[in-house]
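Undergrad: This is what each chain is made of:
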Amino acid sequence: MPPIVTPPEIERRHKVHESDNGSGRRPPTDKRTGGNGEGDSDNWNDRPQGRRGPRERLSQVRMGVFFGLFAVLMFFIAIVSAFFVTRASGHFDAYSKYVNEWLPTTIPSILWLNTAVLILSSASAEMARRSMFREEDVMDEWIGLSRRTSQRATAWLTLTLALGALFLAGQWVAWDQLAAQHVFFKSNPSSHFFYLITVAHAVHLFVGVGALIAALIGLRRSHQIASRQIFVDATVWYWHAMGLLWLFLFALLEFGQ
Amino acid sequence: MNVSPATSVALAPHSRWTHHRTVGFGYLAISAVAVGVGTVLSLLMRLHLSWPAWSLPLHGPILPEEYLGLVTMHGTLMLFFVLTVAPQSGFGNLILPAQIGARHMAFPRLNAASMWLTGLALLVLLTAFFVPGGSPISGWTAYPPLSATALAGPGQGEGMDVWLAAIALFSVASTLGAINTLTTIVKLRGEGMSWPRLPLTVWGWFTAALLSVLAFSVLLAALAMLFCDRHLQSSFFVPGGDLVNGVLLQHRGDGSPLLWLHLFWFFGHPEVYIAILPGMGLTSMVLANFAHRRVFAYRLMIATTLLIGLLGILVWGHHMFVAGLNPFAGSAFALSSMAIALPASAKVLSWLATIWRSRPQLTTPMLFALGFVSLFITGGLTGPILAQPILDEYLHNTFFVVAHFHLIMAMAGVFGLFCATYYWFPLLFGKMLSERLGKLHFWGTILGAYATFLPMHLTGLAGEPRQYAQLTGVPGPAGQLLQTTLPLQNHITYGALFLACAQLPFFLNLVLTLRSRLRASQNPWSATTMEWAPQAADELATHRDPCHYAEDGVLFLGQWEPDATSELPPE
Amino acid sequence: MHLTQAIVTGQSFWHLPVDASRHGPALDAHLLLNLWIALSLLALAHLILLAGLAFRRRASRPVHTLLLEYIPLAALTLLFAFLAARAQQLWAAQRYTGASPAAMQVEVTGMQFAWYFRYPGADAAFGETRPSLVAPGEGNPLGLDQTDRHSGDDLVTSQLVLPAGREVDLALRSQDVIHGFAVPEMRLKQNAVPGQTAHIHFTPTQPGSYAILCTQLCGLGHYRMQATMQVLPPAEFDAWLQAQEAAASKRGQP
Ligand code: HEA
Ligand code: HEA
Ligand code: CUA
Ligand SMILES: [Cu+2]
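Chains as they are written, first to last, in my numbering: chain A, 1 to 257; chain B, 1 to 571; chain C, 1 to 254.
Calculated from the structure, these hints are not laboratory results.
Please note: incorrect hints may appear among the correct ones.
Computed from the model, here is a short list of chain B residues facing chain A with C-beta under 10 Å [claimed, not checked]:
id	residue
1	Leu182
2	Lys187
3	Ser212
4	Ala215
5	Ala221
6	Leu232
7	Ser235
Take a look, some chain B residues computed to stay more than 12 Å from chain C by CB distance [as the list claims (entries may be wrong)]:
id	residue
8	Trp54
9	Ala224
10	Phe227
11	His231
12	Gly268
13	Leu508
Here a beta-carbon is modelled for each residue, glycine too, at the ideal position from N, C-alpha and C.
One chain only, chain A, in its complex shape (with noise of 0.2 Å):
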């Protein structure tokens, strides 16, 4: 049970008014959820519609990032059942001869570096995902005693951020790279898919620096430490994703070809 324990009748008595996500009154470290419908065990005749647990806005974004990161999955999924139907395909030539246009693309190697590199951001990003959860440094947050917690999630995220732009920027040079050896995007179905894998994920990265600024932004603006959480804890599972996709997706081009 939370530390500080409020009882269903004075709950009752401050009706909710902005929302009913009840965040702000209880500490944020309460593990309670409820409401959801799944009421039959829930004492629902006595609890009044609205009252949920601190933690329900959190899992209602996670869940929201959750089904957002489905349709990901999915969009990579048909590029790379694509990429092994056209690995698989080839035409007969003038002289009946069965050739297939398909030429491995080399990957730089720099892409094992920046995978490294991914890595670390994600271990970076939980580290701000966890130093926001830490009970009673969110227990001080809470009640005002300090701000330690925003403080270390911030030191966390910029270098999640720092680390994710360093990708970026090594993807980039690996596209100069294969430049330079005249493996452009047109030149053979091999390289297509190349360049359109990467810079599909590419995009989605700069989705996720985007999340992340916004994070940091909102870790200095927001004032209910719920809300704080929750822009670093969505923010992180996105980074989480778009990380393990890429080690997928990396092992597709430098083993899949």
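With chain A's structure known, arrange chains B and C with the ligands on it following the hints.
TA: Leaving out everything else, chains B and C with the ligands in the frame of chain A:
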């Protein structure tokens, strides 16, 4: 504007622009524009097919490429911007939160953003009429290489680019909207609203949203690749050595047009279920409401909704039986397509059983729900015929298919929309639409629908292919074959004109009702689902399944009524 | 005989065009069976619907989910399974195996907006075609490579002429976009996809001229992308082929 208590309270907490009510009406406005334009285009198509020499005032005769532009824009507008937007996003936003005992959607700002994005997509799409070359001519399915190069015909240049941009925007917007719907349903259900207590409408929205998240991102990926083929000389879908319009395309590699077909239909088939699932859910609830009964086999209805969604992702190949698919794959897709007829049949049976000997109140919404059932049966029964590859070999891309999907999708879907409008009008505006005009509207529309789309089966069986800009003036045996369908063409066109005119009572009804001062009672239909609860959402809890009616059909128990009143005996 | 009779009347009721291929009657029988079943289910379902509305309200009794839902559903399952199985047999018979080696080879090429047909000639082999050689104005719409030794005797026509009663193996190709090769009277349809060759085989039975339609949207001329399939008695066909080949070789030697 007057709002009923259930929704007015909910206006308080959020800004007007992000309120789900505003967003819902925004979506409806978007689809109203789309349906207006789409209908005009369909009538132009019909007029041209019947009287090819007829010249459009201020424009002149309709050229073949213009006809194909009409077909493409009609299909795109109707399927994407009407039947995906209005039932799922429009009524979803207006009704869904109240129906699950929530006061708002999970992410109001995201919600508003997806609505505006959808509007932007529509705007972009409509510019296709005005760009050089005109609107694209490759149909709503945009098969490459026809869609992959500007050389392939007028409209395949900028028109096609505009189309791609619009559909890409639409995909993003729909995905965001679906994320919102899903999170709202999973997380924001009010007290006591457990999963089995959700009305079937919510199950419809839920399944459709799952399909949207799954399908639209695949479409987006395909659109991105098609864009690359068009502008960056890649060859995802363009085969090597393709010679279009006398020009040898310089794309490197052996792309496969079939790859697009796979990706497109992996999206396309779920898409048609996205269009119809909310309508199915609403029909179930409305039938039970006016029959004053439980929905027959409620749990099974939930299961079939989910099953249709699940099977819906496994049947895409039935659009490709003769498109170069491996014959064994054809058999597999035939099997899954026949399988999907079963949950659909279970639904039909359940609808029939729900109203069996119930002496329902034949109000306008009830009539439209019955019309939905009728059209779904008529259009659905041709589904399993098309799903047999050997028969599809004869019927593919004939008007038989056009008849199939207009009955089951266009007309059933539109009946779902009208049902929703008549049913929820008192809730949304506090006024009742006139029953008399409503019934006139119903009878006109169902008559028109059958008069227009039933004969298409026959022209299809006679061999008339789709997307033919002209049926006359063709030499040889082909001309004679097409000639045999001409008498029915005029009939179909008159039917279509009648169908369009049958909508006039509806508009009259809207105008008259909105101007009248008569107020509707709070729950005029004796409905039992949460959106009709008299209390404000704060004080609500859900206490039971929907559709509790007493034997006499007069007494009913809303989902919101506390147990204090004596429980009615289960029917 | 009875079946044929039934088919003929069904055909006119449902507006089907004449049926002139060997696999056609079986296909038609199955199609008509499907149509009649659909029509009866349609009528039955609507009768139930209307009866349900019309009859007096019945006192409530325990609900028979089994009776009303599962038994009819099982019946429909059997019905659909039966139809699917029959369709599968026909489909397998037509598509699972290729044409017999003795079948006549003809290549069909679609392009915006015409069909060309190529007969391999005496050597029974098609010459090479190259997109870069395509020159419709110079009488080489397929881009036939005359340096290829198989090309010399290839015969290119704009009308598909076939002998009655012999199996034909069509190789479908496309030069530019996807086209749909359809002959309603032969109950035949298959798309021609650029970059690949699709084979389809059938046997025309009745002499006559039939419509070849394009059934895949391929551009503004889609509606007028037609050709004629001329099915001749075998003797006439041989005469036609000889005359054509003679004319072609005369043209070939300047
Ligand atoms: C939702 C889908 C939808 C709808 C409603 C319609 C409606 C109509 N369509 Fe269809 N049509 C398609 C989807 C639809 N269509 C598609 C996908 C294609 C294929 C395109 C392609 O090949 O690429 C097609 C193609 C198509 C063709 C084939 C063209 C060809 O291949 O040559 C024809 C020809 O007759 C036709 C005619 C009509 C007619 C006469 C109507 C009439 O019924 C129109 C009458 C109008 C109404 C009855 C009004 C509807 C009212 C509302 C929707 C109310 C809205 C309410 C709220 C917003 C609350 N359409
Ligand atoms: C809402 C939209 C919708 C729905 C629900 C369906 C439902 C079905 N569709 Fe349809 N379809 C389309 C929209 C839809 N379709 C569109 C838009 C196209 C054309 C796309 C294009 O090319 O542009 C198309 C094309 C299409 C094809 C391809 C045709 C071709 O191009 O050659 C096929 C083939 O299998 C098919 C099959 C089916 C099947 C098996 C169902 C099944 O789900 C049907 C299930 C329903 C039933 C089986 C009826 C149940 C009722 C009974 C059984 C009665 C009970 C009887 C008693 C009680 C007595 N559809
Ligand atoms: Cu060729 Cu249509
Ligand atoms: Cu389908």
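Undergrad: Tell me the numbers of any earlier hints that the structure contravenes, in ascending order.
TA: Of the numbered hints given earlier, the structure breaks none, since each of them holds.
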